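Chains as they are written, first to last, in our numbering: chain B, 1 to 257; chain D, 1 to 464.
I should point out that these hints are in silico values taken from the structure, not numbers from a laboratory. Do not rely on the hints blindly, as some may be mistaken.
[Unchecked claim] Simulated pairs of lysine-lysine, BS3-like, Cα-Cα distance not exceeding 25 Å: (1) B:Lys68 to D:Lys34; (2) D:Lys385 to B:Lys68; (3) B:Lys12 to D:Lys385; (4) B:Lys164 to B:Lys237; (5) D:Lys273 to D:Lys228; (6) D:Lys273 to D:Lys78; (7) B:Lys210 to D:Lys457; (8) B:Lys68 to D:Lys413; (9) D:Lys413 to D:Lys387; (10) B:Lys12 to D:Lys457; (11) D:Lys190 to D:Lys273; (12) D:Lys462 to D:Lys413; (13) D:Lys228 to D:Lys78; (14) B:Lys12 to B:Lys130.
Here the structure is a predicted model, which is why all the values come from computation and not from measurement.
Chain by chain, the residues run as shown.
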Amino acid sequence: MLNSERPPLTGKRVQLMATCLCDAFHDDVAVATVQVLEHLGCAVDFPEAQTCCGQPAFNGGDWPASRKVLRHTVRTFAGSDPVIVPSGSCAAMLFHGAELEFEHEADLPAVAALGRRTWELADYIVNGLKVSAWPGRYPARVAFHRSCHTRGTLSGESVRTLLKSVAGLELVEFGEGEQCCGFGGTFSVAFPHISSAMGDLKLDFIRASKPDVLASADMSCLMHLGGLAAREGAPIKTVHFVQILRDALVNGGLLAA
Amino acid sequence: MATQPIDRFATRLAPETQAAVYNGTKIGHEKRTKMLFDHYADPNQLRRLAGEIKQHVVENLDTYLPAVEARLQANGVKVHWAATAESACNAVLEIMQARGATKMVKAKTMVSEEIELGEFLEARGIEALETDLGEFIVQIDHDHPSHIVKPIIHKNRRQIATSFEQHGLGAYNEEPTVITARARQWMRPKYLGADVALTGANFVSVESGRLVLVTNEGNSRFCLAATKCHIALVGIEKLLPRDRDLALLLNLLGRSGTAQQLTVYTEFITGPKAAGQPDGPEEMHVIFVDNGRTDVLASSCRDILRCIRCGACLNVCPVYRQASGHAYRSVYPGPVGAVLSPLLMGERFPEKADLAKASSLCGACNEVCPVNIPIPDLLLRLRDKAKTEHVHSPGTPPMGAWAILATQPAAWKAALFGGKLIDYLPTKLLPIPPLRAWENTRTIPSWRGGEFRKWLKRRRRKQT
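Okay, chain B solo, but in the shape it has when bound:
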């Protein structure tokens, strides 16, 4: 899964793929992504025609539909600038899933080329921009759920590195950290019982560590876990790690609120 053949970074112009979930539900994550990237000196371009990475149909087994959407994505993110995604899942779709479903397609090279310049956000900050210490303050106990689509990539460790460096932030560990939260895209609606049972188990472990907030590199996991907790009447505060980075800047007076 590791995206190892990335071309070397030359400038700080990047294209932002906001993801459909942030476009529809979690706008503040996309806003925070822009603010954090700009704080790091990046020039952020948002290609207006972007929609979705194609993963729902890919996982659902409708590869022809997924390929249509992915071809649109390839056209939308033309050029050679790195594509930054605040989601381990959508990023993995571009550098791993896409190659799988285009294996026998004539336009595989174009799809693979987009994959090679795609970065999950934390991976880009730590391994692309070589930033491993984050300024500002965020006084809270944070539980970090390593989303499954960052397995085999540098993203999980990158998020940990950044969060651990924030003043006031305490990263708390919880049991069965390697296990899935139960979201899984269409899995969450086709297997509602198992999906919810997996989520409840995850929530039990997380709550036992008594965090102030639950963070992840993927809003999909957080939407599932947060939704379960709220439905059970015991809501848990969920944030994308980039919101923590942005809030740390604001708390430290490094960014206007």
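Could you slot chain D onto chain B? The hints should help.
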């Protein structure tokens, strides 16, 4: 709403069974991980190497199979080829009939489950006793194994004590040592009275023709010590090029399967009893079983043939932990079974196509696999295959309308900005099945479609 069969099975699963499966798999996985990482600086490098060796075997079966046949024959072994389950069963029967044999003792072999040998022999008046304790309990309960390595992971000791009592193996006693002693006592005369021993093989070395058997109870040794004829049922993918490859594969198998450096017994069998050897079977047969494997080889999922049946992917799988092995309606459950079982169905693939959907694609299975099989990728390929072959799949939302929307930016934006409507609808009454399935246990966050794009626009206006 129609949900997937495995989800329905999990809904009905007895809490006691689910607890037994969860605890057994969790302990198995945690011990496995500790054992590998305590002993090796980088177990992942070993998994990748083992994967390459097994993939090499899978890619070269056309030369390795004739080579191992010649080697086995030179060792005095009779080699049989069984294209189907039926022909494999018949091969066993013919060997027994030629010797006038009526009693068999069996060591644990998943291939015998796959070809339903027990039922086949029983119907023909042949007693075939399972000597692995777990398989023995499955046999007396008329149950099915629910795990590749731990066939009775779904049972607790109270259930086992009850079935021992019901089958005349002594008054109720749930002490594991008592249960084991009673089984041993009951089996001992059965070994001595048996005509043939049936085993599987964990590996067969092409170089030497050695069969390698691993067990923890020593039952396969008893089987081979007491009988004059040894029949081994072997899937055609079980080959290893050289004896030295066993060093890697045996170390990974023990650690991955049962968190042992090596299983308690590791037998290397090079042929029937030679002149001058004091004991051992005088006659040895190897039946190579295809039963759909060459179809798997021809498919886009041939990597699954690397599998060495350690069960690590079952232990780590969150879906297996919730649903149990029986949910998969197959001899091979869990992640490996979700790939292998539908493929082994051949033309009846649609009957088990749903298994490939029973995964959140979390990738934990790939991360623990001792031969590094990319199971999530194979599950995805099977989903594509099912869709291409028009297999009905309950619970999965249709993707056509979404694809149209997601390829037309103007329509996408309109839907984003217009989607606010969702906040004003009583979603519990919505007739959209996926939304209902979500809403039953989870809230939906408020719709914020287009807000980010508005923010960007406002900022751009301010900047210019």
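Hints, one by one, checked against the model:
no., hint, result
1, B:Lys68 to D:Lys34, "violated, 44 Å"
2, D:Lys385 to B:Lys68, "holds, 18 Å"
3, B:Lys12 to D:Lys385, "violated, 42 Å"
4, B:Lys164 to B:Lys237, "holds, 19 Å"
5, D:Lys273 to D:Lys228, "holds, 9 Å"
6, D:Lys273 to D:Lys78, "holds, 13 Å"
7, B:Lys210 to D:Lys457, "violated, 39 Å"
8, B:Lys68 to D:Lys413, "holds, 18 Å"
9, D:Lys413 to D:Lys387, "violated, 29 Å"
10, B:Lys12 to D:Lys457, "holds, 22 Å"
11, D:Lys190 to D:Lys273, "holds, 22 Å"
12, D:Lys462 to D:Lys413, "holds, 23 Å"
13, D:Lys228 to D:Lys78, "holds, 14 Å"
14, B:Lys12 to B:Lys130, "holds, 12 Å"
In summary, the structure is inconsistent with hints 1, 3, 7, 9 from the numbered list given earlier, while agreeing with the others.
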